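Enquirer: One-letter residues, chain by chain:
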Amino acid sequence: MKRIKLPIWIRTLDRALVILALLGGGAALAFMVFVSSFNVVIMRKALNAPIRGAEDLLILSLVIMVAFAIPFGGRTGAHIEIELLESRMSPMFARWSMLIMRLVAGALMLTMAYQLIHAGQKATKFGETTQQLLISYEPFYYLLALGVALYALVILSDIYQLAKYRRIQLLLWGEVL
Amino acid sequence: MSMTLLGVLGLLSLMVLLGLRFPVALSMIFVGVFGTIAATTNKFYLIGMDADKAFARGIRTAMSNLSGEAFEAASNYNLLVIPMFVLMGNLAGVSGMSADLFNAAYRWMGHLRGGLASATIAACAGFAALSGSSLAAAITMGRVALPEMKKFNYSDSLATGSVAAGGTLGFLIPPSGGMVIYAVLTEQSIGRLFMAGVIPGMLLTLLFIGAIYQTVLRKPEAGPAGPKAPWPERRAALFAALPFFTVVGITIGGMYTGFFTPVEASAVGAFLAMVVAILRRSLGLRAVREVILETMKASATVFLILIGAFVFIPFMSITELPGQLVTLLTSLPIGDYGVLLIIILIYMFLGMFLEGIAMLVLTIPVVLPIIASLSFGFDPALADMKMIWFGVLVVIVLEMGMISPPVGINVFVVKSIAPDVPMSHVFRGIWPFWFAMALMLVLLMLFPRIAVWLPMTMVG
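In order, the protein sequence lines correspond to chains A and B.
Each residue of the first sequence is one higher than the one before, counting from 1 in our numbering.
Each residue of the second sequence is one higher than the one before, counting from 1 in our numbering.
To be clear, the hints were calculated from the coordinates, so they are not data collected in a lab.
Some, not all, of what chain B presents toward chain A, calculated at C-beta under 8 Å:
1) Thr295
2) Lys297
3) Thr301
Predicted model only: the values in this text are computed from it and were never measured.
Every residue, glycine too, gets a C-beta built ideally from N, C-alpha and C.
The task is simple: from the sequences and hints, build the whole structure.
Expert: What follows is the structure, encoded as structure tokens:
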């Protein structure tokens with residue numbers, strides 16, 4: 001199928017998502033690999049002196065990775081949909097139902113982002129911290145909220161594409177980089 | 001309104017949303033949030049609270065679950081194994097370890113009738129030990145094996161069927177993404193589940209090779225024998241696959257001997273795969289980019305769906321629907337295995353329409369209490385082993401779904417690699433493997449020790 005030239009705001013969003021996934025996600029993945037391997041092989045097994053709070057840092061890097069992965073996955077078609085009944089629907093019904101469902105999904109994700117911010121504001125007060133280093137979860141709640149809000153924006157771009165082009169053109173990162 | 005009715009309405013809404021192509025994860029979040037509001041309001045209203053206050057309580061509970069459960073899923077230490085094993089598999093792909101593996105299997109088995117298809121299965125089983133994804137296994141091995149089988153005039157159905165079925169081994173042979181999700185949802189040990197998958201994984205590999213043998217016995221032209229590789233060539237191929245055996249030996253071996261936890265093993269495995277890729281100079285800038293973005297994409301699928309499951313499960317608990325189902329099913333005069341058979345048949349049916357991970361997270365909240373309430377001949381002290389055994393059964397049924405018409409995902413993946421092969425030929429080719437999986441299920445039901453022997457022996 002011929003590729004559509006998407007409007008600049010969607011292309012900017014795509015570029016931002018790929019860069020965030022590549023740099024943020026890449027850094028988080030690299031951190032997980034190196035810290036975990038170094039901690040277990042060198043510090044724990046060889047020197048019998050595991051890094052204090054390594055598990056805390058790994059958990060936080062996982063949150064960072066998830067926050068960047070969710071919107072990126074949304075734009076690259078990673079989130080599973082069941083397409084079985086679509087072929088039995090009239091094109092008009094399929095398009096409108098998808099549009100309405102995307103609107104509901106966007107609202108749901110915005111609510112989730114808002115609730116994550118709300119929970120983040122209370123995290124320090126309620127002592128929500130990592131177990132060993134006692135790092136507050138507050139900024140990580142905000143980061144996850146950002147990821148979910150970006151996913152809401154991805155859904156908005158889906159709605160725009162459905163309304164204008166009657167189909168959603170997924171992001172191919174080769175085109176962005 | 002009764003809680004059970006609310007639960008049923010929740011499940012029906014979920015089905016409608018899925019049918020309308022609402023993403024599975026978001027469907028679970030949607031039903032989880034609104035279901036929790038309705039169920040909590042109903043619960044407090046029934047014990048005499050004002051309707052307004054009960055509704056406010058319902059909203060507070062649902063919103064608190066929404067943020068709390070989402071963060072809980074994103075910060076679950078055990079789930080670190082998902083991105084790490086996906087990364088390891090992707091690095092193994094770019095480093096050429098998967099091609100070496102196929103090459104070694106090909107040199108040793110290619111001269112037999114159906115040998116190339118058997119080599120594909122063996123290589124898929126080996127690759128499964130590096131990657132937890134059936135799709136990754138099918139794509140990686142398909143790209144290497146399908147052109148070879150075409151070259152030797154293998155029938156399209158046997159060639160594509162063996163790649164599609166071989167790929168499913170990635171879901172059973174540890175590290176398995178499906179097992180990690182099952183472990184997190186059921187609060188079982190990931191390490192024990194991985195161990196439980198080893199023997200069934202090996203047996204299923206042998207059953208697949210048996211299915212190929214049976215196919216070529218019936219139709220010898222489906223899998224003609226290739227040339228016999230001389231011994232030095234075989235030894236050289238085995239030597240080239242040494243990095244693969246080293247990485248698998250250290251990671252998986254380390255995990256089974258208790259030297260590493262599953263999380264540590266996954267990180268060390270990714271590190272070693274990266275070292276191999278660097279030493280082979282196959283990790284250029286473009287490859288790094290591909291590996292990171294593919295890992296992020298695969299992780300996104302799993303984490304969003306787990307967030308959905310984490311939000312959905314509390315709703316199911318409030319409605320007590322799983323408990324009602326337990327009462328209903330255990331009251332039937334069909335015994336434990338009759339109930340299990342019903343569950344497996346339902347899974348097989350759902351597997352025709354639903355993607356494996358989606359099916360796992362959608363069904364576990366309902367099915368788990370049923371399994372927990374039955375004994376299946378297990379000693380009550382070994383209740384955890386029963387759940388591990390069931391986990392292996394579920395993973396195999398999900399594998400069957402991956403190659404079942406009309407939406408077997410591995411079949412579509414193979415079709416994308418072999419676009420000139422008609423879909424009907426691909427589906428025709430998977431049946432011998434589907435029956436091999438069914439036979440594996442029967443064996444596991446008759447002899448649960450196939451799954452639990454290793455974790456019981458090694459961990460206790």
